[in-house]
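Novice: These are the residues of each chain, in order.
2 protein chains.
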Amino acid sequence: MPSTPEPSLRFIIVGGVAAGASAAAPARRLDERATITVIERGPDVSFANCGLPYFLGGEIKQRDALAIQTPQTLKTLLNLDVRTNTEVVAIDRAAKRVEVRNLAYGTNEWMPYDLLLLAPGAVPIRPRLPGIDDPRILTLRSLQDMDRIKVAAAAAQRVAIIGAGFIGLEMAEQLTRLGKSVTLVEQLDQVLPPLDRLMTRLIEDELHRHKVELILSDGLTGFETTGAEIRCRLASGREIVTDSVVLSIGVRPDTALAKAAGLSLGARGHIRVNEFMQTSDPAIYAAGDAVEIEDLVSHEAVAVPLGGPANRQGRLAADHIFRPAGSVRAYPGSLGTAIVRVFDVAAGLTGWTEKRLRAAGRAYRTVTVNDNDHASYFPGAKPILLKLLWDPGTGRVLGAQVVGLGGVDKRIDVIATAITGELTIDDLAELELAYAPSFGAAKDIVNLAGFAACNTRDGLVIPVDALPDNPAVQVLDVRPPPLVQAYPIPHAGVINIPLAQLRSRWGELDRARPVVTVCALGKTAYFAARILAQNGFHVYSLTGGIRAHFDPRSPAKLPTT
Amino acid sequence: MPSTPEPSLRFIIVGGVAAGASAAAPARRLDERATITVIERGPDVSFANCGLPYFLGGEIKQRDALAIQTPQTLKTLLNLDVRTNTEVVAIDRAAKRVEVRNLAYGTNEWMPYDLLLLAPGAVPIRPRLPGIDDPRILTLRSLQDMDRIKVAAAAAQRVAIIGAGFIGLEMAEQLTRLGKSVTLVEQLDQVLPPLDRLMTRLIEDELHRHKVELILSDGLTGFETTGAEIRCRLASGREIVTDSVVLSIGVRPDTALAKAAGLSLGARGHIRVNEFMQTSDPAIYAAGDAVEIEDLVSHEAVAVPLGGPANRQGRLAADHIFRPAGSVRAYPGSLGTAIVRVFDVAAGLTGWTEKRLRAAGRAYRTVTVNDNDHASYFPGAKPILLKLLWDPGTGRVLGAQVVGLGGVDKRIDVIATAITGELTIDDLAELELAYAPSFGAAKDIVNLAGFAACNTRDGLVIPVDALPDNPAVQVLDVRPPPLVQAYPIPHAGVINIPLAQLRSRWGELDRARPVVTVCALGKTAYFAARILAQNGFHVYSLTGGIRAHFDPRSPAKLPTT
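Chains as they are written, first to last, in numbering that gives the first Met the number 0: chain A, 0 to 560; chain B, 0 to 560.
To be clear, the hints were calculated from the coordinates, so they are not data collected in a lab. Careful: at least some of the hints might be erroneous.
The list treats identical chains as interchangeable, and a pair is accepted whether it falls inside one copy or across any two copies.
As a list, the in silico DSSO-like pairs of lysine-lysine whose alpha-carbon atoms are at most 27 Å apart [what the hints assert, rightly or not]: (1) K74 - K522; (2) K556 - K60; (3) K556 - K74; (4) K381 - K522.
Construct the complete structure from the given sequences, taking the supplied hints into account.
Specialist: This is the structure in C-alpha cells:
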C-alpha cells in the first residue's frame, strides 16, 4: 500500500500567477515530499495575464480559457496547498515564518517556512492626479480588473486609454474591435516607447487606419468627473471627453512586503536578487515583475516585467532550491524581448535600442532594412522593416527592432537567439535559415541586415538616418520617375536620376559636393552609392529608404497595369 | 562628362541562376571597372527555381514573377555582359580562357578570363531504366521543364510522382490542387527522407487526407509506355497506370565541364572547394549545387543543393575576389536547413538528424516534445512537434526537426541560429523569445525542448522512443479514462491510472518491474515518471507521447461538450 511520505522541506510561494506558478510545478516534480504552499491574494492562480486584453475585445471568447490552472487542478496534479484570497502581511525572517491573513474571514495565522519565494508581481501605476479616484478610471492587472473594464466598455461609447505601451495598444485594438470610439494618449512623442521612434511609424499609421484617435506628446494632468462624462485634462490644455478611462502608463513592483521585511531593494524599488534569484536573505527568493535582474547585453540591473522572464525566474528559483547544489546554471540575464500586435501590424524588439545605447553613451552602429516576410514572388508576401544595432568594436549584435505585416516574431526570435549566442553581423549575413517560397527567402531579411551591417563596417556605404538640412549636400533620388511623381520625397531640391541611368548620367552631379542617395526601400540607394563612390563621389545612403522615413506604406514599385 | 572607366579584371561566371547571379551583383557593387560576364546555357537567368512547383498548381499565377532578373535588367542595373543560350564547352586553364558556344547559331569562340566562377548547378537524376526515354517522363529544373509539366498535367487525369522528397511533395500538393489524381512513390519507408521517420507521420497523414495515393518502400524498375498510358513498374511487382510521370528522385552535380578541366572532385562527383569557394585551381571558383562544402556540425564534406547556401556561396566567391585580401570570412559550413509545405502541414530540419548521427556513429541524445505554435488559450493555436538532438558531452545542440500546422519555420530558424551560436540545451531552456498570445507562449516549444533535454541529461527522466515488447515492463497510460477509451494505445496490457490519481494509486503497480509512462503529448507522462521515480520505481517515459508515435492528430484532451 502507498504510504504518505514524510514531509520534508517547507516551501512557501507568495503569489500564484506567472513566476509563482512556474516555481511550484518544477518544485513538486523535483521533490514529492516537500510541503509546497502557494499563497495568492487574489481569487485566481496561474491565469494568463497576457491574454486579458483579448477577452475584452472578444477575441478570446471563454473567460475560462484564461485560467491555465485552478487551485483545484494544482492540488490534484501537483499536491500543492493553494490558498487564494489570502495575503502574506508580514515576514518574520528571524523565526522563518510568515503572517498570513485570510481575506474572506479576516483571520491571521503564522506559517513556518524553510524557504520562501516572493512572486508578488507589479501593480499598474495610478498617479496621484486630481479626480483619479473616480471608479470609472480603471487599470488592468487581474481577471477582476478585466471584468470591470468589460462592463465599463459595454456601457461606454467612448473610451480613453492613457499610455500607448504594449497593454495600451492591445486594449486600443480590442476596444476598437468592440466598436468603441477610442482615444489613445501618450506623453512621449511616439507610441510604444521602448522602440526607437522611426520604428513606430507603421503602428501609428495602423491606428489611424482603424480610426483610433492618437494624441502624442501630451501628458495627463487630471480628471474632471462630474456627471456621466469624464474629462481627461492634458498638459497642453486639451480635454478629452469620454465615457470610460483605462490607465496603462506602466507598472511598479509590488514590494511593500519585501521592503517591510528589510530585504535589499534596487534604485527603483525592485527586489534585488542574485543570479539564482536569492534576495539579500538567502532563505528568501524572489522572481517575476517585482525583481531587478541583469541585462544580458549591458550587465546592468534592469526590471523586465514580462511573462517569459517571470516564468524562467520562477523555475530557476525552484531548481536552485531542489536540485543538487552546484548543478544549476545562473540566470543568464534578460534581453527584454517583446512583441505586440496592433490590428494587422506587429512590432517587436530584443536587446538594446538606439535610444538606450545613446542614453548609456555606448558605441554602436545601426542599419535599417526593408524586405518581405517571404519570397516576393510568392503570393501573400508582406512587408517588414528591421533595424539592427551592433557593437562597432566586436561586431556583436546588440539589439533589433522589427515592425511589419508578417513574420515579425520570427525575426525577433532569431535575433534574440543570435544575441544569446554572441553572434556578429558576419554571422547574421551567413545564417542558414529555412527557405521555401511560402516561409522565407534565399536571403532572409536577417541576412540582408547582416549584409548591410557588414557593408557599413567595411566602408562600402555610409548610412545616414535623415536627409541633410544643408543645401550644399545633393539629395539624389534613384527611383524611376513615375514612382518619384507618385510618392515624392518631402524635401527641397531633390535630384532624380534613376539607378538604371546613373552610370551614364552621374556627370550631372557635382563631384565637389557630397551626395545622399535615396530610394524606396534603401537597397537601390546603396547600389547607387556604390556607383558614385567608385567614381570619386563622397556619398551617403539613406538607410531604410522612403518607407522607413516618410511613408510606412510607400511602395517599392508602381503596380503594373 | 562621365568617361567610361578602363576595364580591369575579367570575371566570367558560368551559370546565371542562384549562385551565379548572387556572385555577379556584389561583384559589380565592389568593382565598377571589372568586366563581368555571365554565361548561361538556358534562356533564363536568376529565376526562382524554388517557385517552379507553385506555378504548376497555379498558386503563383504569373510566370513572369519567377523571373527575378532578366538579361536586360542585369545589363541595365549591373552593367553585366549576360549571354543566355550560350554554353561553356571547355576550360583552357593554362591559357585562362573558356571556349563558348552560342547555342542558337552554333558558333564557338574563346573568351579570356582572369577569374572564373563555375555555378553549373545540379541536374535531376534520370536513372537508366527501361522505358525512361518516353518524353512524358518529366523532371523539373528549368522554367521550360515547368512549362512541359504544366502542359502534360493539363492533359492528364492521373499523375505519378516518383520520389517523395521536397520537390516531390511540393509537386504532389500542387498537382492535387489542380484536381489531378496523384500517386506518390518513394523507395524508402517514409516520405521526406532527410527527416527521421517518426517526424514524417503528420505529412503522410496530410497526404492521405488530400487523397494522394502514397506508396512507400517500393522502388521504380521501369516504364512501359505503349499507347496513351504509362505503366510504372515497381520492385514489388506492382504497376501504376498513369497519364504522366514526374521524376523527383534527387539531383546530381552538373560537373562535366569541371571534370574535363581536371578540377578536383569529391567522392560523389561534386567540385571540391576551399573555404573561400576556390577549386583546386585558385583562379577558378565554384559555388552552388555542384560543390561540396563543409558541414557546420560534423565538418565533413557534404553537398547541400539548396537555394540559401547557393546564394551565400556565390556572394562569398565575389567577396573573395573583389574585397581586400584577408578581409573575407571563410565559409562557415552548411547546416542543411530546409523546410517544405505539404498542404496545411510544414516540416523542416536543421543540422543533424538521428539517422545521420547513428550512421556516423556519433554520441547523441534526443527528446521529442509537443506543443502549440502560440499560447493555447488564444484562438487559432496549432499543434507542432519538435525533435531535438544534442551532444551528451557538451550539451550542444546538434540538430532539430519540426513538423506541424503552424510556426514550424520560426522554430527551425531559431534552432539553426542556436546551432550557429553553439548554444547548449541549457541555453535553449532559457532563450528569451517574443511572447504575446498571438505569436508565442511564455514557454515556447523551443524552451520546452530545452527543459526536456536538461531533465534527461540530469537523470530526472529516461526517455524512450518506443513502447517495450517485453511483457515484464509495465506500460502505464496516465490519461483520463475517457481519452484512453476514445484514443486507445495500440499495445497489449496497458495499465491506466490517470495522473491525478497516481499519488494514491501507484501501489497498484509492481515496484519490482520497470514502468514506461505514456500520455497524449509526453508531458504528463513525465510528471507521472517523476512521481514514480521518487517512490522507488525504475521508470521510463515515452518521449513525444501518443501524438508522436501512433496518431499525429490525437488530442491532448477530449472536446468539452
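Novice: A separate judgement is required for each hint: does it hold in the structure or not?
Specialist: Okay, the hints, checked on the actual structure:
1. K74 - K522: The answer is between: 18 Å across copies meets 27 Å, while 58 Å in one copy does not.
2. K556 - K60: between (41 Å within a copy, 19 Å between copies)
3. K556 - K74: Classified as between: cross-chain Cα gap 19 Å, same-chain 61 Å, threshold 27 Å.
4. K381 - K522: Answer is within: at 17 Å inside a copy they meet the 27 Å cutoff, but 36 Å across does not.
In terms of the numbered hints stated before, the structure departs from none.
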